[in-house]
Amino acid sequence: MGKVIMKLNWAERCVVNNPIRVLEQGFQVRWMKGVLELAPGGTVLEVGCGRGAGAGLIREHFRPASLHAQDLDERMIHKARRYLSPEARAEMFLFVADTVQLPYRHAVMDAVFCFGVLHHVPDWQTALSELARVLKPGGVLYLEEIYPTVYLNPITRHLLLHPRENRFQSQDLHAALRQHQFRMRAAKEHWALGILAVAVKDH
Numbered sequence: 000m001g002k003v004i005m006k007l008n009w010a011e012r013c014v015v016n017n018p019i020r021v022l023e024q025g026f027q028v029r030w031m032k033g034v035l036e037l038a039p040g041g042t043v044l045e046v047g048c049g050r051g052a053g054a055g056l057i058r059e060h061f062r063p064a065s066l067h068a069q070d071l072d073e074r075m076i077h078k079a080r081r082y083l084s085p086e087a088r089a090e091m092f093l094f095v096a097d098t099v100q101l102p103y104r105h106a107v108m109d110a111v112f113c114f115g116v117l118h119h120v121p122d123w124q125t126a127l128s129e130l131a132r133v134l135k136p137g138g139v140l141y142l143e144e145i146y147p148t149v150y151l152n153p154i155t156r157h158l159l160l161h162p163r164e165n166r167f168q169s170q171d172l173h174a175a176l177r178q179h180q181f182r183m184r185a186a187k188e189h190w191a192l193g194i195l196a197v198a199v200k201d202h
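In terms of numbering that gives the first Met the number 0, the sequence shown has 59 at position 60, counting the first letter as 1, and numbering is strictly consecutive.
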């Protein structure tokens with residue numbers, strides 16, 4: 000079976016692997032923690048971890064007992080192993096997998112972090128369904144996403160590699176979250192640009 004998520008091209012790797020992006024993620028993680036802090040001793044998953052900057056911030060600010068960090072691209076997992084400190088690596092499980100087929104039983108995660116991953120997935124609905132599947136009832140989805148105005152405009156569509164069919168706008172994403180029993184705790188959103196959100200899975 001072929002992969003159904005798109006790997007980053009050179010331009011996108013430049014975007015996500017730069018110091019400004021790390022600063023941005025730092026602000027995002029602190030805001031997320033301010034909205035809803037996890038109880039001690041939880042098991043946490045980050046999908047699309049890239050070079051590991053987000054996982055490092057999650058470890059620093061949320062201090063989960065177990066942190067799993069996934070990416071489709073094996074090169075990114077290698078970068079994460081180089082980027083993270085030995086102490087951080089010792090507390091994480093870094094692995095290669097497809098977001099639409101996560102290697103977990105149902106309801107095993109206390110939280111899932113998803114920083115700008117869904118818009119890379121052609122079948123983003125299945126990916127979101129997987130995030131809901133692995134979350135426990137009462138589990139938390141910490142989500143950042145951007146909308147097609149950002150990545151499929153006349154300039155970025157020629158620089159960045161993204162699916163062009165089955166894209167989601169704000170109303171589509173909110174409807175899909177409700178479908179999977181996610182209740183929004185807080186969100187910062189521009190309807191045309193993107194969203195930063197914390198949502199709780201009710202069932």
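What the hints contain is simulated information worked out from the structure, not anything from laboratory work. Note that the structure is predicted; figures quoted are calculated from it, not measured. Check before you lean on any hint, since a few could be wrong.
[What the hints assert, rightly or not] Pair by pair, the computed Cβ-Cβ distance ranges are:
1. HIS202 x LEU158: 16 to 26 Å
2. ILE154 x GLU90: 11 to 21 Å
3. TYR103 x MET183: 34 to 44 Å
4. ARG166 x ALA38: 31 to 41 Å
[Said to hold, decoys possible] Derived pair list, reagent style DSS-like, types lysine-lysine, alpha-carbon separation capped at 30 Å:
5. LYS32 x LYS78
6. LYS135 x LYS187
7. LYS32 x LYS187
8. LYS135 x LYS32
For each residue, glycine too, the CB sits at the ideal point set by N, CA and C.
Those earlier numbered hints the structure runs against, lowest number first: Numbers 1, 2, 3 - these are the hints that the structure violates, sorted from lowest upward.
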